[in-house]
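Turn these sequences into a full structure, and let the hints guide you.
Sequence positions in the sequence shown follow our numbering and run 2 to 191.
Hints were generated in silico from the structure; no laboratory data involved. Treat each hint with caution, since some may be false.
Said to hold, decoys possible - Cut-off 27 Å, straight-line C-alpha distance, at most; resulting in silico cross-link-like pairs (BS3-like, lysine-lysine):
1. Lys106 <-> Lys149
2. Lys144 <-> Lys121
3. Lys121 <-> Lys149
To be verified - DEER-style ranges, computed between Cβ atoms:
4. Glu35 <-> Trp152: 46 to 52 Å
5. Arg12 <-> Ala179: 36 to 42 Å
6. Val125 <-> Gly86: 29 to 35 Å
7. Arg12 <-> Gln92: 43 to 49 Å
8. Gln6 <-> Gly161: 18 to 24 Å
9. Leu25 <-> Pro56: 23 to 29 Å
10. Ala21 <-> Arg189: 47 to 53 Å
11. Gly111 <-> Glu55: 49 to 55 Å
12. Gln188 <-> Ala21: 54 to 60 Å
13. Gln60 <-> Leu116: 37 to 43 Å
Ideal Cβ placement from N, Cα and C applies to all residues, glycine included.
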Amino acid sequence: MVIAQGIERRRREVPGLLAATERLPELVRDVVEELRERLQELDRRITDYDHRIEPLAQQTDATRRLLQVAGVGPSTATAIVATLGNGHAFQHGRQVAAWGGLVPKQHSPGGKTVLGRLTKQGNVYLRTRLSHGARAGLQFSAKRSDQKSRWVEPVRQRRGNHIAAVALAAKHARIVWALLAHGQEYQRAA
Numbered sequence: 002m003v004i005a006q007g008i009e010r011r012r013r014e015v016p017g018l019l020a021a022t023e024r025l026p027e028l029v030r031d032v033v034e035e036l037r038e039r040l041q042e043l044d045r046r047i048t049d050y051d052h053r054i055e056p057l058a059q060q061t062d063a064t065r066r067l068l069q070v071a072g073v074g075p076s077t078a079t080a081i082v083a084t085l086g087n088g089h090a091f092q093h094g095r096q097v098a099a100w101g102g103l104v105p106k107q108h109s110p111g112g113k114t115v116l117g118r119l120t121k122q123g124n125v126y127l128r129t130r131l132s133h134g135a136r137a138g139l140q141f142s143a144k145r146s147d148q149k150s151r152w153v154e155p156v157r158q159r160r161g162n163h164i165a166a167v168a169l170a171a172k173h174a175r176i177v178w179a180l181l182a183h184g185q186e187y188q189r190a191a
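Structure (structure tokens):
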């Protein structure tokens with residue numbers, strides 16, 4: 002039996018496969034059905050928590066400001082505020098990006114700057130949330146003409162989707178720091 006990759010495909014196809022096939026032993030069908038029910042319960046609980054986080058994100062001024070940034074949702078905004086506070090622990094946005102592991106390792110022999118892979122140090126959860134938000138924003142950047150999209154599209158053409166997504170996530174980390182540290186509203190560039 003073959004099922005395409007991806008959780009959504011599994012959610013759709015497993016019930017039909019279990020009902021249509023007689024080749025599987027009853028024990029296997031029971032176990033797969035139990036696992037499917039657990040997955041449904043986890044999905045329901047995650048949805049419930051997401052619904053509880055949304056009003057929480059609207060309660061504070063800082064999270065409301067962060068929600069204006071493309072790629073930052075309620076769970077990311079609340080996690081950032083819970084972790085960074087007002088942002089005054091950092092002197093500038095690049096420190097936040099470095100703390101989150103969103104900058105490349107730097108090795109400079111003989112005065113020549115050589116950039117390597119991501120450091121991946123710092124808060125894994127925030128790095129993941131910012132990266133996923135950046136990937137979501139990257140899907141629409143080719144169709145947009147704002148300043149950030151005009152910046153990231155050549156990066157994507159030159160370096161590929163993964164590096165462009167991390168670069169955009171690092172930019173979001175810098176924007177987030179500026180919003181927290183200066184208490185300003187996010188202003189989208191035309």
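Hints the structure violates: just list their numbers, smallest first. 2, 6 and 9
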